[in-house]
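K.L.:
Please model the entire structure based on the sequences and the hints provided.
There are 2 protein chains.
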Amino acid sequence: MTQKSLITGGAGFLGSHLARQLLVDGHEVTVMDNLFTGTKANIYDLLDNPRFTFMLHDVTQPFWGQFDAIYNLACPASPIHYQRNPVETIKTSFLGMMNVLELALKTKARVFHTSTSEIYGDPEVHPQPEGYWGNVNTVGTRSCYDEGKRAAETLCADYAREYGVDVRLIRIFNTYGPNMHPQDGRVISNFIMQALGQRDITLYGDGSQTRSFQYVDDLIRAIRLFMGLAPERVRGFFAERKLGVPVINVGNPDEYTIRQLAEETLRQLPESKSRLVLAPLPQDDPRRRKPDITLARELLGWAPKVPLSEGLARTIAYFRTIA
Amino acid sequence: MTQKSLITGGAGFLGSHLARQLLVDGHEVTVMDNLFTGTKANIYDLLDNPRFTFMLHDVTQPFWGQFDAIYNLACPASPIHYQRNPVETIKTSFLGMMNVLELALKTKARVFHTSTSEIYGDPEVHPQPEGYWGNVNTVGTRSCYDEGKRAAETLCADYAREYGVDVRLIRIFNTYGPNMHPQDGRVISNFIMQALGQRDITLYGDGSQTRSFQYVDDLIRAIRLFMGLAPERVRGFFAERKLGVPVINVGNPDEYTIRQLAEETLRQLPESKSRLVLAPLPQDDPRRRKPDITLARELLGWAPKVPLSEGLARTIAYFRTIA
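Each protein sequence line maps, in turn, to chains A and B.
If you count by the numbering used here, then the first sequence holds residues 3 to 325, one letter each, in order.
If you count by the numbering used here, then the second sequence holds residues 3 to 325, one letter each, in order.
Because the hints were derived from the structure by calculation, they are not lab data.
One or more hints might be untrue.
All copies of an identical chain are treated as equivalent in the list; a pair is satisfied when it fits inside any one copy or across any two copies.
Quick list of in silico lysine to aspartate or glutamate cross-link-like pairs, DMTMM-like style, CA-CA up to 20 angstroms [said to hold, decoys possible]:
1. Lys6 to Asp50
2. Lys108 to Glu90
3. Lys244 to Asp124
4. Lys6 to Asp70
5. Lys110 to Asp70
6. Lys307 to Glu257
7. Lys110 to Asp219
8. Lys6 to Asp168
9. Lys244 to Glu164
10. Lys307 to Glu266
11. Lys110 to Glu234
12. Lys307 to Asp220
Since the model is a prediction, treat every value here as computed from it, not as a measurement.
P.N.:
Here's what the structure looks like:
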């Protein structure tokens, strides 16, 4: 029987990759999106697929549908977008998660939720294992995202514990690739757009803060592996580890400084005349973050495959088509 | 002009004290409560006051009313109650706060919100100043309360920053007194009920974890002082301190071990035959918590006045009437 899947936020960067892959896998795919940061362009090639449906709807409003799996990806994820309307951001995280879990409870759908390394905030432990509780400001300008995502995890844990909803979470670390929003203000899209536009590349702070960059295909592979596991396997694996909910980090632990990323971007764009310039670090910007991916390796036999130089080349090729 | 005040959760322990005091101050007081943990008995003597109204309503459902001030106290606050239905607990925190802030935005009401020392989780800094970000598990059995309360703070900060809602928060540390729920499982009510019932007094862990205990009258005084300040004074004070929202700790920094509390309870109940017994510490139970009340002193000229021995005597007198 064909699997029916709903992807909230499916017209966004990650959602559009997931939709495309689930169609390749033979699923019937419904993409729900309010098109606030997602865009029809990301899924344009899917619209005439008979197994694909687009549903214009905001995840904060209740919805109904019979699906085997619900992938909850709806939430603006870049500071530029989520700080434009902080109240809507935290509502999207919380109410969206609540609506997804309520529907899953009533229809017995399996739930995948995209959590984030941002729930670790400005971590005091490196690399971050899933058992680390994080270091997050409740009342700062990033809190609408961080605390919204933290509360969404809590909802997942409680619906799983109290009502037996089969929910699986990945804390996603920095991910990049084609279909990223060119104006989302995140470092890879910023650098490529600046270099392509012959504008100087801005390093916040001194550029020595590190990030791990995961190519989108690696993440999508992990999501599919995780959602394909039998519930008993998931329960058994996490019961031993006392984490409270099936949650794994997925990211690429290779660390690069922001300055190294800028230099690699310029190396791949030899025609660019951009130079590196410095600007002050924004409030609450995490200094360093790197995933501990032991659990993903053990549970899924997963490890990232695409090196930065290759992923960056594919991403630059995409940005050339839209710049 | 008489001030109109709404107290959500006003039939609970703290709410009933606040309602009584605001009536003394000359306010018109509406108490909203779903009576899940609150009880009519707590406000029975107020029901025939012409300036008092009781409204049976759940704060998670939208409501309307023209008030000068809204005091948001609705949320089960003891682990025994809030863990009975974790999903409802986090919904109460988040949706209740959202409904209060939406109403305040539309009606220009001033908002007081009861946050909690639980947002600090199991703190790694002692005592805790308001700038400390806390150490909280997102997916544990206490998370429904802790993360719900953290997200409520974030909502307050964002409604204040984005929409100019005049919101003031107190992070309340352990508070006790008459009208506490006798079965709420918190340490003071537990010990008194056990001693009055001639049952052994249970110390979790070895009883060496410390707590600060604040008598309810001290807290109510701080709430009234805080809500009485002019908005310019509040803005000025917190703008200097870069906290993101007007928030102060209110609690009694005198530390007692749980064992000392048990011994003082038994000293005041010489007729009790109860003995001290040990039991394992529950998951995520904070080992130690003590407020830094510098901001409350500076902003309100406030300090706690009622010593533990006196507050305990008044509380024991109350429990004798209901035991």
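K.L.:
Next, verify each hint and record whether it holds.
P.N.:
Results for each hint:
In this homomeric assembly, lysine 6 and aspartate 50 come within 20 angstroms of each other (Cα to Cα) only inside a single copy, at 17 angstroms, whereas the closest approach across copies is 59 angstroms. Taking the closest pair of Cα atoms, lysine 108 and glutamate 90 come within 20 angstroms of each other only across two copies (17 angstroms); inside a single copy the shortest separation is 26 angstroms, beyond that limit. In this homomeric assembly, lysine 244 and aspartate 124 come within 20 angstroms of each other (Cα to Cα) only across copies, at 18 angstroms, whereas the closest approach inside a single copy is 24 angstroms. With identical chains, the CA atoms of lysine 6 and aspartate 70 are at most 20 angstroms apart within one copy only, with a shortest distance of 5 angstroms there and 51 angstroms across copies.
With identical chains, the CA atoms of lysine 110 and aspartate 70 are at most 20 angstroms apart within one copy only, with a shortest distance of 8 angstroms there and 45 angstroms across copies. In this assembly of identical chains, the alpha carbons of lysine 307 and glutamate 257 lie at most 20 angstroms apart only when taken from the same copy (15 angstroms versus 54 angstroms across copies). Taking the closest pair of Cα atoms, lysine 110 and aspartate 219 never come within 20 angstroms of each other, the shortest separation being 28 angstroms inside a single copy and 49 angstroms across copies. For the identical chains of this complex, lysine 6 and aspartate 168 are intra-copy neighbours only, at 16 angstroms inside a copy versus 47 angstroms across copies, given an alpha-carbon limit of 20 angstroms.
In this assembly of identical chains, the alpha carbons of lysine 244 and glutamate 164 lie at most 20 angstroms apart only when taken from the same copy (16 angstroms versus 39 angstroms across copies). Proximity of lysine 307 to glutamate 266 under the C-alpha cut-off of 20 angstroms is restricted to the intra-copy arrangement: shortest distance 18 angstroms within a copy versus 63 angstroms between copies. In this assembly of identical chains, lysine 110 and glutamate 234 lie within 20 angstroms of each other by CA distance solely inside one copy; the values are 16 angstroms within and 52 angstroms between copies. Within a single copy, lysine 307 and aspartate 220 get their C-alpha atoms as close as 7 angstroms, which meets the 20 angstroms cut-off; across copies the closest is 60 angstroms, which misses it.
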